Amino acid sequence: MLIAAGIIFTYFLIFFIVATIIKNNSIVDIGWGLGYVVTVWILYAIYQPQSWLVLVLNIMVSLWGLRLFYYILKRNVFQEEDFRYKNWRKAWGKYVIPRAFVQVFMLQGFFMYVIGSSAFYANVNDVTWNPLSIIGMGVFLLGYLYEVVGDAQLKAHIKHHKGTLMTTGLWKYTRHPNYFGESVLWFGIFMTAWLSGVPWFFVIGPLTITLILYFISTPLLEERMQKKDGWQAYVATTNKFFPGMRD
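Under UniProt numbering, think of the first position of the sequence shown as 1, with each following residue one higher.
Read the hints as simulated data drawn from the structure, not as lab findings.
Please note that the accuracy of each hint is not assured.
[What the hints assert, rightly or not] Mimicking SDA-like on lysine to any residue, the simulated pairs with C-alpha atoms at most 25 angstroms apart in a straight line are:
| no. | residue 1 | residue 2 |
| --- | --- | --- |
| 1 | K228 | G138 |
| 2 | K74 | D126 |
| 3 | K172 | A152 |
| 4 | K155 | N130 |
| 5 | K74 | L154 |
| 6 | K86 | F111 |
In this text, all values refer to a predicted model and were calculated from it rather than measured experimentally.
Sequences and hints are given; from them, build the entire structure.
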């Protein structure tokens with residue numbers, strides 16, 4: 001696992017150097033999903049695990065990571081620094097470089113290490129196949145499809161009704177189906193690994209991403225959404241994170 005930490009550190013160090021040169025710390029968002037993919041496949045090449053389950057785990061991580069990488073790259077490439085990072089740059093003043101290194105790049109590296117720990121451990125220790133792992137694969141597929149469908153529905157809505165709230169499809173049951181789907185798919189990755197021998201305490205990975213999405217990502221996004229017409233009515237009738245029917 002020290003090798004995994006070293007890979008992640010080097011990966012984010014490269015992004016930090018580039019970001020410092022171009023004065024745009026928001027490129028760290030582009031590298032977030034790709035970092036998991038890079039890490040699992042470098043570990044796979046180094047340790048050469050024999051179990052095909054590890055290969056399946058890495059493919060699962062890659063499906064999520066590459067899709068996220070493409071989505072954010074397409075949205076952010078050649079754009080100005082995101083307003084969040086601009087605000088931090090202004091607030092940090094002459095200490096922007098060391099604080100960005102620690103609070104942006106290394107912090108994301110730490111979270112990547114924790115969230116992806118079950119997949120990293122599987123690559124290092126070559127876990128063996130267990131038929132029950134299919135359950136985890138099913139959970140991953142459910143979460144992945146929930147995220148993909150939610151994003152597709154939102155994209156179609158924006159194309160035809162830009163500036164209005166999305167309240168149909170999966171968005172009728174949760175205000176953040178993409179976030180919920182991401183949480184579920186990471187539990188699926190953990191379950192696939194755990195049911196094949198990865199220690200139970202690596203559940204810290206999916207729990208961490210769920211807490212980040214629920215307590216950080218969701219409030220930040222909803223703060224910006226409050227200005228939209230119909231927002232309060234939408235909040236009153238639609239669950240925040242976990243899907244469900246409400247009166």
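inquiry  = Flag every earlier hint the structure violates by its number, smallest first.
reply    = 1, 2, 4
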